[in-house]
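**Q** Make a model of the complete structure from these sequences and hints.
These protein sequence lines are chains R and Y, in that order. Residues in the first sequence are numbered from 1 upward in steps of one, following full-length UniProt numbering. Residues in the second sequence are numbered from 1 upward in steps of one, following full-length UniProt numbering.
Derived from the structure by calculation, the hints contain no laboratory data. In this text the structure is predicted, and so the values were computed from the model without any measurement. Treat the hints loosely; a few may be bogus.
[Stated by the list, open to error] For lysine-lysine, the following BS3-like pairs were computed, each having C-alpha atoms within a straight-line distance of at most 30 Å:
id: 1; chain 1: R; residue 1: Lys141; chain 2: Y; residue 2: Lys264
id: 2; chain 1: R; residue 1: Lys10; chain 2: R; residue 2: Lys149
id: 3; chain 1: R; residue 1: Lys101; chain 2: Y; residue 2: Lys264
id: 4; chain 1: R; residue 1: Lys149; chain 2: R; residue 2: Lys110
id: 5; chain 1: R; residue 1: Lys233; chain 2: R; residue 2: Lys10
id: 6; chain 1: Y; residue 1: Lys572; chain 2: Y; residue 2: Lys21
id: 7; chain 1: R; residue 1: Lys141; chain 2: R; residue 2: Lys100
id: 8; chain 1: R; residue 1: Lys149; chain 2: Y; residue 2: Lys21
id: 9; chain 1: R; residue 1: Lys101; chain 2: R; residue 2: Lys141
id: 10; chain 1: Y; residue 1: Lys21; chain 2: R; residue 2: Lys100
id: 11; chain 1: R; residue 1: Lys110; chain 2: R; residue 2: Lys100
id: 12; chain 1: R; residue 1: Lys318; chain 2: R; residue 2: Lys233
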Amino acid sequence: MTGEAVISVKDLWKVFGHKAELVPRSAELSALSRRELIDRTGCTAAVRDVSFDVAPGEVFVVMGLSGSGKSTLVRCLTRLIEPTAGSIIFEGEDILAADKKRLRDLRRRKFSMVFQHFGLLPFRQVLDNVAYGLEIRGAGKAERIRRAKEVIDLVGLDGYEHSYPEQLSGGMQQRVGLARALAGDPDVLFFDEPFSALDPLIRRDMQNEVIRLHREVGKTMVFITHDLSEALKLGDRILIMRDGAMVQCGTGDELVGAPADDYVRDFVQDVPRANVLTLRWIMRLPRPEDVLDGPELGPDVVVRDAVRLVLAAGKPVKVIENGELLGVVTDEEILAAVTGVEVPA
Amino acid sequence: MTTTTAAAVPRPGIRLSKPVKVAAILVAWVLIWIPTHGTHTLSLSPADLTPLHEWLNEVNDTVGANRNSSPIFLYFFNEIRAGIDALVTFVQALISQPSFGRPVPVLGWLGVVAVVAYISWFFGNWRVALLAAGGFVFFGLQGLWQESMDTLALTLSAVAISLLIGIPLGIWAGLSDRFNALVTPVLDFMQTMPTFVYLAPLTLLFLIGPASATIATLIYAMPPAIRITAHAIRSVPRAAVEATDSLGATGRQTLTGVLLPLSKRTIVLGVNQTIMAALSMVTIAALIDAPGLGKTVIKALQTLDVGTAFNAGLAIVVMAIVLDRVTTAASNRVRQVGTTHRFRRPVAAGLGVLTAICCYMSYTYVWAAEFPDQAGVGRAISRGADEVTLWAQTELSTATEAIKNLVTFALLNPLQSLLVESPWWLVGAVVVLLAALIGTVRTAVTTAACVALLIGTGLWQDSMTTLAMTIVATLLVMVLGVVVGVWMGRNRFADRIIRPALDAGQTMPAFVYLVPFLALFSATRFTAIVAAVVFAAPVAIKIVADGVRGISATTVEAATAAGSNTWQLITKVQLPMARSSLTLAANQGLIYVLSMVVVGGLVGAGALGYDVVAGFSQGQLYGKGLAAGAAIVLLGIMLDRIARASSPSNSPKGHR
Numbered sequence: 001m002t003g004e005a006v007i008s009v010k011d012l013w014k015v016f017g018h019k020a021e022l023v024p025r026s027a028e029l030s031a032l033s034r035r036e037l038i039d040r041t042g043c044t045a046a047v048r049d050v051s052f053d054v055a056p057g058e059v060f061v062v063m064g065l066s067g068s069g070k071s072t073l074v075r076c077l078t079r080l081i082e083p084t085a086g087s088i089i090f091e092g093e094d095i096l097a098a099d100k101k102r103l104r105d106l107r108r109r110k111f112s113m114v115f116q117h118f119g120l121l122p123f124r125q126v127l128d129n130v131a132y133g134l135e136i137r138g139a140g141k142a143e144r145i146r147r148a149k150e151v152i153d154l155v156g157l158d159g160y161e162h163s164y165p166e167q168l169s170g171g172m173q174q175r176v177g178l179a180r181a182l183a184g185d186p187d188v189l190f191f192d193e194p195f196s197a198l199d200p201l202i203r204r205d206m207q208n209e210v211i212r213l214h215r216e217v218g219k220t221m222v223f224i225t226h227d228l229s230e231a232l233k234l235g236d237r238i239l240i241m242r243d244g245a246m247v248q249c250g251t252g253d254e255l256v257g258a259p260a261d262d263y264v265r266d267f268v269q270d271v272p273r274a275n276v277l278t279l280r281w282i283m284r285l286p287r288p289e290d291v292l293d294g295p296e297l298g299p300d301v302v303v304r305d306a307v308r309l310v311l312a313a314g315k316p317v318k319v320i321e322n323g324e325l326l327g328v329v330t331d332e333e334i335l336a337a338v339t340g341v342e343v344p345a
Numbered sequence: 001m002t003t004t005t006a007a008a009v010p011r012p013g014i015r016l017s018k019p020v021k022v023a024a025i026l027v028a029w030v031l032i033w034i035p036t037h038g039t040h041t042l043s044l045s046p047a048d049l050t051p052l053h054e055w056l057n058e059v060n061d062t063v064g065a066n067r068n069s070s071p072i073f074l075y076f077f078n079e080i081r082a083g084i085d086a087l088v089t090f091v092q093a094l095i096s097q098p099s100f101g102r103p104v105p106v107l108g109w110l111g112v113v114a115v116v117a118y119i120s121w122f123f124g125n126w127r128v129a130l131l132a133a134g135g136f137v138f139f140g141l142q143g144l145w146q147e148s149m150d151t152l153a154l155t156l157s158a159v160a161i162s163l164l165i166g167i168p169l170g171i172w173a174g175l176s177d178r179f180n181a182l183v184t185p186v187l188d189f190m191q192t193m194p195t196f197v198y199l200a201p202l203t204l205l206f207l208i209g210p211a212s213a214t215i216a217t218l219i220y221a222m223p224p225a226i227r228i229t230a231h232a233i234r235s236v237p238r239a240a241v242e243a244t245d246s247l248g249a250t251g252r253q254t255l256t257g258v259l260l261p262l263s264k265r266t267i268v269l270g271v272n273q274t275i276m277a278a279l280s281m282v283t284i285a286a287l288i289d290a291p292g293l294g295k296t297v298i299k300a301l302q303t304l305d306v307g308t309a310f311n312a313g314l315a316i317v318v319m320a321i322v323l324d325r326v327t328t329a330a331s332n333r334v335r336q337v338g339t340t341h342r343f344r345r346p347v348a349a350g351l352g353v354l355t356a357i358c359c360y361m362s363y364t365y366v367w368a369a370e371f372p373d374q375a376g377v378g379r380a381i382s383r384g385a386d387e388v389t390l391w392a393q394t395e396l397s398t399a400t401e402a403i404k405n406l407v408t409f410a411l412l413n414p415l416q417s418l419l420v421e422s423p424w425w426l427v428g429a430v431v432v433l434l435a436a437l438i439g440t441v442r443t444a445v446t447t448a449a450c451v452a453l454l455i456g457t458g459l460w461q462d463s464m465t466t467l468a469m470t471i472v473a474t475l476l477v478m479v480l481g482v483v484v485g486v487w488m489g490r491n492r493f494a495d496r497i498i499r500p501a502l503d504a505g506q507t508m509p510a511f512v513y514l515v516p517f518l519a520l521f522s523a524t525r526f527t528a529i530v531a532a533v534v535f536a537a538p539v540a541i542k543i544v545a546d547g548v549r550g551i552s553a554t555t556v557e558a559a560t561a562a563g564s565n566t567w568q569l570i571t572k573v574q575l576p577m578a579r580s581s582l583t584l585a586a587n588q589g590l591i592y593v594l595s596m597v598v599v600g601g602l603v604g605a606g607a608l609g610y611d612v613v614a615g616f617s618q619g620q621l622y623g624k625g626l627a628a629g630a631a632i633v634l635l636g637i638m639l640d641r642i643a644r645a646s647s648p649s650n651s652p653k654g655h656r
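**A** In structure tokens:
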């Protein structure tokens with residue numbers, strides 16, 4: 001997996017405070033909880049020993065409550081904050097070894113970021129805000145404007161090129177932020193809670209917008225959020241953080257179906273399981289009394305999509321992968337998943 | 001200080017008993033004072049000198065003797081003086097003094113008015129342009145055209161240099177924490193130091209004349225430029241800077257593309273503050289021969305000619321108002337985003353041509369160059385002021401006497417005799433103990449050092465007299481500050497009425513205040529205190545008002561919803577929450593009061609202020625004056641440290 005990963009993060013630490021670099025090195029200190037570490041050394045461990053890989057074209061979501069270190073983590077990836085220890089390999093290149101110039105170059109061409117509070121320049125029109133990254137890297141004016149218009153169309157802002165940010169709604173401002181990030185045609189897009197400051201309805205629009213853009217431009221995305229439903233909606237894989245450390249990393253159905261601990265279980269308990277879980281998670285082994293001539297479904301079909309068929313079948317539905325019978329699903333399992341009641345083992 | 005906190009929320013025991021301890025120290029002081037007063041007071045009569053003062057005199061003489069031979073003068077100080085002189089002379093040649101073989105300056109009054117109006121319109125709007133034109137014509141009508149232009153020339157030169165140095169330094173301080181930490185105490189020092197103090201050393205280095213005056217002005221005017229620029233750079237939203245970083249901008253791209261455009265408005269505000277500070281130095285700089293309105297004021301004061309002083313003071317105020325409004329309008333213009341008006345460009349060109357024509361006419365024709373002599377307005381103003389003063393002196397004396405006596409006998413005299421008549425070791429011990437109790441060990445050490453140095457200046461007793469007056473004035477300032485400030489903070493209408501008056505008060509040169517108070521209270525300590533209070537109160541009031549106004553509406557709403565009455569709201573919510581503002585107000589009030597100490601010396605306050613003034617005018621007292629200046633600074637540092645240390649428990653009683 002490492003070979004093909006776009007971003008590969010290993011043992012990443014970010015500790016704030018005096019002599020912070022000593023913390024990851026000391027086996028004793030690095031084993032302490034965040035609270036204990038503050039009491040002992042006065043240092044705050046914002047990110048503690050995090051490792052993960054992001055595959056090309058993937059939407060990788062980092063989720064956690066406020067203070068869990070997720071925003072620090074994403075800033076470490078582009079070195080807007082300098083990590084304390086660990087390694088970050090981007091397309092085979094060690095980011096931490098990059099000098100200032102190389103880092104700037106990477107920021108100009110390889111990755112870009114969308115911020116929670118947009119970070120737009122109020123004295124520039126939308127067009128100039130979007131073209132700003134291109135301007136910084138020295139693109140000519142005509143090219144800048146052409147490309148900026150292109151991405152403005154892409155994010156659905158055509159007609160607003162000459163507005164100023166303060167004349168736009170929050171959702172539209174974030175579209176400008178999105179367009180600015182896309183303008184430079186980066187390989188990876190980082191999103192730092194981009195929709196947290198928006199109204200719920202606008203937020204849903206923007207989430208759909210990201211899904212659409214992901215389908216159209218196929219960029220790798222690293223997405224930070226504190227909203228589980230957003231994470232499940234957008235993420236191919238989700239990393240859950242707590243107090244700076246990784247709790248679990250996996251697909252949405254893995255988190256819901258097999259939470260790593262009580263913390264994750266608490267988190268996911270209100271999720272409508274039928275929308276997330278696939279048949280693989282709810283099927284049972286066939287019993288002798290089962291009639292095995294019912295319809296067939298694949299194991300990765302989401303429960304929600306299987307409900308009608310299973311209930312209509314009146315007999316067990318077979319879950320088949322590559323011609324092999326993995327298990328069966330009956331009314332009972334489906335209803336348990338839909339109502340959220342755990343099936344007694 | 002009552003201590004009815006027994007039933008209060010439990011807090012650590014030490015904190016609770018602090019007021020008790022302070023009271024105990026004060027009581028002990030009085031008890032020891034009774035048997036010991038009058039001994040070890042370190043008094044020094046006005047004409048006596050200590051070895052330190054004599055040594056300072058010698059330094060002065062040596063410097064004077066070597067001005068044209070020592071390399072540091074030849075290649076450094078003299079060069080600076082020549083450069084600044086050239087700049088001021090050049091601006092004067094343009095607008096105020098006969099020059100280039102002509103009997104009149106290059107630009108006559110019509111040209112100046114046209115240019116000022118045009119600039120005001122271009123950077124501000126037509127309303128301030130009208131105000132500027134009107135104000136400048138008014139100078140002419142007052143019969144003070146040339147004096148006003150001299151003042152303008154000096155002010156503009158000082159402001160130009162201040163900005164040229166101050167803005168880059170401010171940007172640096174905004175970007176670098178280390179430089180900021182380095183420069184902040186220096187700025188504090190520059191602003192705290194009473195301007196009189198550095199006039200003397202400056203004349204030592206740069207002689208008496210426009211150069212020294214300009215340098216004195218810019219020392220006072222530059223700190224706001226640096227501070228506000230740094231603040232502007234620092235308060236650019238993090239999100240915008242981070243976004244730019246994430247796009248791979250270089251440091252310079254971030255500076256020119258984000259930081260400067262986003263802080264432009266605040267920086268223009270800094271320009272405004274710089275101009276105001278420079279103008280407030282006009283009169284003081286006149287003491288070392290700065291040309292212009294200040295000289296007229298000083299001359300009139302020396303002859304107690306209230307009318308003339310008022311007329312010239314009024315011109316300074318008008319100039320302050322004009323420059324203030326124009327720069328404020330300019331900074332508001334910067335804020336407006338959006339397209340400019342379609343006709344703006346042709347109109348600008350047309351008006352530019354008109355201005356050029358006015359300039360040409362004022363260059364060519366005498367009627368447009370020299371303001372027609374119609375000083376009747378000025379004479380009328382002088383006469384009116386004289387009459388009002390006479391009336392006040394005769395009609396109000398009973399009331400003013402009563403106030404004067406109340407403050408003098410109830411507050412000032414007891415405090416002064418306690419401070420002045422105590423043995424020096426007693427006062428020193430009390431002050432250091434209080435510092436240790438209120439603050440930390442560090443506060444106590446600083447205070448002890450200040451006490452020791454004060455003794456070293458040889459002016460201990462004078463310092464104590466000044467200290468007594470300073471404490472009384474600061475107390476009065478704080479009372480005014482809290483009462484009026486809370487009122488303004490709670491009442492928008494009051495704010496709208498009072499604020500302009502305060503703004504005007506702050507730009508008035510300190511001397512102008514002295515005129516009416518001198519008339520009302522004659523030359524006494526009380527006059528000096530009142531002048532200091534009037535000078536310092538606007539700042540304190542504004543800070544308190546802003547602090548009260550700045551409390552989140554939700555908190556006030558919540559307290560109101562809980563059923564607080566107005567008094568409870570003020571004492572339990574608004575004042576405690578504005579605590580940092582109160583501390584700041586006390587601090588600033590103190591600094592302003594101290595900077596008026598010297599001025600007070602002119603009107604019967606005696607003590608350190610008198611020493612400084614006397615040192616300034618009499619060669620043999622030069623060293624003593626310098627030492628007195630240092631003593632004022634020491635007092636300032638000492639009081640400032642104690643006030644700052646006390647800030648956590650500085651809240652008014654009654655809360656909690």
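**Q** For every hint, state whether the structure bears it out.
**A** How the hints compare with the structure:
Among the hinted pairs, Lys141(R) with Lys264(Y) is consistent with the structure: their alpha-carbon atoms are about 25 Å apart, no more than 30 Å. Only pairs whose Cα atoms come within 30 Å are accepted, and Lys10(R) paired with Lys149(R) is rejected, the gap being roughly 39 Å. Using a Cα cut-off of 30 Å, the hinted pair Lys101(R) and Lys264(Y) holds, with the two alpha carbons roughly 29 Å apart. Distance check on the hinted pair: Lys149(R) and Lys110(R) sit about 20 Å apart at the alpha-carbon level, within 30 Å; holds.
For the suggested pair Lys233(R) and Lys10(R), the alpha carbons sit about 27 Å apart, so the restraint of at most 30 Å is met. Among the hinted pairs, Lys572(Y) with Lys21(Y) is consistent with the structure: their alpha-carbon atoms are about 25 Å apart, no more than 30 Å. At most 30 Å may separate the alpha-carbon atoms for a hinted pair to count; Lys141(R) and Lys100(R) meet this at roughly 26 Å. Our distance criterion of 30 Å between C-alpha atoms is broken by Lys149(R) and Lys21(Y), whose separation comes to about 72 Å.
Simply put, Lys101(R) and Lys141(R) have alpha-carbon atoms about 23 Å apart, close enough for the 30 Å limit, and the pair holds. Annotation: proposed proximity of Lys21(Y) to Lys100(R) is violated, straight-line Cα distance about 58 Å (limit 30 Å). About 15 Å separates the Cα atoms of Lys110(R) and Lys100(R), which keeps this hinted pair within 30 Å; it holds. Between Lys318(R) and Lys233(R), the direct Cα distance comes to roughly 27 Å. Compliance with the 30 Å bound is thereby established for this hinted pair.
Checked against the numbered hints given earlier, this structure breaks hints 2, 8, 10; the rest are met.
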